[in-house]
Amino acid sequence: MAHRLPFHEGGCKNIHGHSYQMTVEVAGEPDANGMVLDYFDLVSIVEPFIKEIDHAFLCDNSDKLIRDFLKGTSLKVVFVDFPTTAENIAQWFFERLADNFMPIKNISGLRIIVSETERTTAEVSGEIRVSPVDTRLFAHQSHQTS
Amino acid sequence: MAHRLPFHEGGCKNIHGHSYQMTVEVAGEPDANGMVLDYFDLVSIVEPFIKEIDHAFLCDNSDKLIRDFLKGTSLKVVFVDFPTTAENIAQWFFERLADNFMPIKNISGLRIIVSETERTTAEVSGEIRVSPVDTRLFAHQSHQTS
Amino acid sequence: MAHRLPFHEGGCKNIHGHSYQMTVEVAGEPDANGMVLDYFDLVSIVEPFIKEIDHAFLCDNSDKLIRDFLKGTSLKVVFVDFPTTAENIAQWFFERLADNFMPIKNISGLRIIVSETERTTAEVSGEIRVSPVDTRLFAHQSHQTS
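Protein chains in written order, with the numbering used here: chain U, 1 to 146; chain H, 1 to 146; chain Y, 1 to 146.
If you're looking for bench data, these hints aren't it; they were derived computationally from the structure. All values derive from a computational prediction rather than experimental measurement. Just to be clear, a hint being listed does not mean it is correct.
In this list, chains with the same sequence are indistinguishable; a pair is considered to hold if it fits within one copy or across any two.
[Stated by the list, open to error] In the BS3-like style, the derived pairs of lysine-lysine whose C-alpha atoms are separated by at most 30 Å in a straight line are: (1) Lys105 / Lys76; (2) Lys51 / Lys64; (3) Lys71 / Lys105; (4) Lys51 / Lys76; (5) Lys13 / Lys105; (6) Lys13 / Lys51; (7) Lys13 / Lys71; (8) Lys51 / Lys105.
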């Protein structure tokens with residue numbers, strides 16, 4: 001998926017992309033079969049959201065330069081109303097997936113981890129049956145020494 | 001380790017196996033040497049549980065088909081009283097390891113992460129000195145886009 | 001980075017080293033640009049601490065044997081006042097990085113994960129705007145079966 005951060009003073013203002021990875025974690029009581037959620041069901045819920053953005057440009061509607069260009073093409077684009085940081089992407093998935101997991105009564109919590117690279121990751125987690133004010137954002141990064 | 005889920009409507013009802021990975025996390029105050037627990041001691045506590053199930057079939061006692069077959073062979077098998085989902089395996093290790101860590105006074109919490117594959121993982125964590133009602137099950141999965 | 005644990009009854013009393021990896025996780029509310037903290041800013045805060053210990057011997061001041069030897073050489077050494085376990089190294093980074101993140105008002109929490117190997121890790125996490133008594137130490141280890 002491609003994106004850019006127009007406000008960024010470093011390289012992130014340029015059009016670039018990542019092989020994003022997302023981890024979806026659901027928390028709750030296991031059912032009679034000993035599953036919080038069958039991995040196959042988890043995939044069926046999450047996959048449409050992945051397909052929507054796969055090989056697309058994730059474009060903040062306030063980014064007039066890219067928005068106007070892409071609207072004149074047939075290139076795949078998904079418009080959103082937020083700067084496309086890893087934190088905001090994780091929050092975006094958290095909110096939409098929380099809606100989708102809500103009907104599954106034994107699921108009470110959700111954690112979304114979005115990695116731009118192996119070393120840069122954002123995480124949003126929270127209960128999905130209470131006020132979203134309890135959600136919490138993390139950004140983390142790995143460092144190596146030898 | 002091999003297993004199957006007889007109730008499963010997908011491929012998991014067949015006899016299959018995984019190169020399971022488990023992460024054992026102990027929480028607590030470090031001792032005078034600055035260790036929550038010496039990794040060597042952690043290994044000595046956990047290894048017997050690993051050896052018990054390594055290259056075995058983990059068989060739910062209610063799975064009559066496999067149970068009756070394996071009882072007539074000399075093949076390695078471990079019988080348990082639960083469907084052998086990653087969630088239940090993590091819970092099983094949590095309970096038995098909690099008993100083993102209990103005598104170590106500075107350890108207060110335990111987290112067990114069982115991965116069937118790099119992308120499918122179950123997690124149980126909780127305090128080991130309070131009611132097990134506080135434990136909590138997670139199942140998570142990684143998704144990739146490019 | 002090299003170290004040893006003089007008190008250790010196993011191999012850790014010998015001079016050895018690790019390709020340590022550290023993950024720094026900051027928690028808080030995202031700013032107007034949708035970032036808890038720009039990864040570039042995170043790097044600029046953390047990198048000096050990495051450079052200080054990269055290819056150095058981390059020497060506990062109570063380790064007279066190594067301390068006296070290294071003081072007579074020009075070899076890179078960093079002296080600390082604690083046994084150089086992964087737990088203590090994580091705590092050391094937690095305290096110093098907490099001081100550095102404190103001026104950034106939207107950051108409320110910090111987690112430091114120090115890995116000696118892919119399988120042995122120590123973790124310290126806590127709020128950085130409350131008493132350090134709330135921090136919590138984890139040590140974890142991965143096990144594999146096949």
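Verification of the hints:
In the homo-oligomer, the alpha carbons of lysine 105 and lysine 76 never lie at most 30 Å apart, since the shortest distance is 36 Å inside one protomer and 38 Å across protomers. Within a single copy, lysine 51 and lysine 64 get their C-alpha atoms as close as 25 Å, which meets the 30 Å cut-off; across copies the closest is 41 Å, which misses it. For a Cα distance limit of 30 Å, the shortest separation of lysine 71 from lysine 105 qualifies neither inside one copy, at 41 Å, nor across copies, at 39 Å. For the identical chains of this complex, lysine 51 and lysine 76 are intra-copy neighbours only, at 11 Å inside a copy versus 43 Å across copies, given an alpha-carbon limit of 30 Å.
Taking the shortest Cα distances, lysine 13 and lysine 105 sit within 30 Å of each other only across copies (25 Å), while inside one copy they are farther apart (42 Å). In this assembly of identical chains, the alpha carbons of lysine 13 and lysine 51 lie at most 30 Å apart whether taken from the same copy (25 Å) or from different copies (28 Å). In the homo-oligomer, the alpha carbons of lysine 13 and lysine 71 lie at most 30 Å apart inside one protomer (20 Å), although the nearest pairing across protomers, at 48 Å, exceeds that limit. Only within a single protomer do lysine 51 and lysine 105 lie at most 30 Å apart by alpha-carbon distance; the minimum there is 26 Å, versus 37 Å between protomers.
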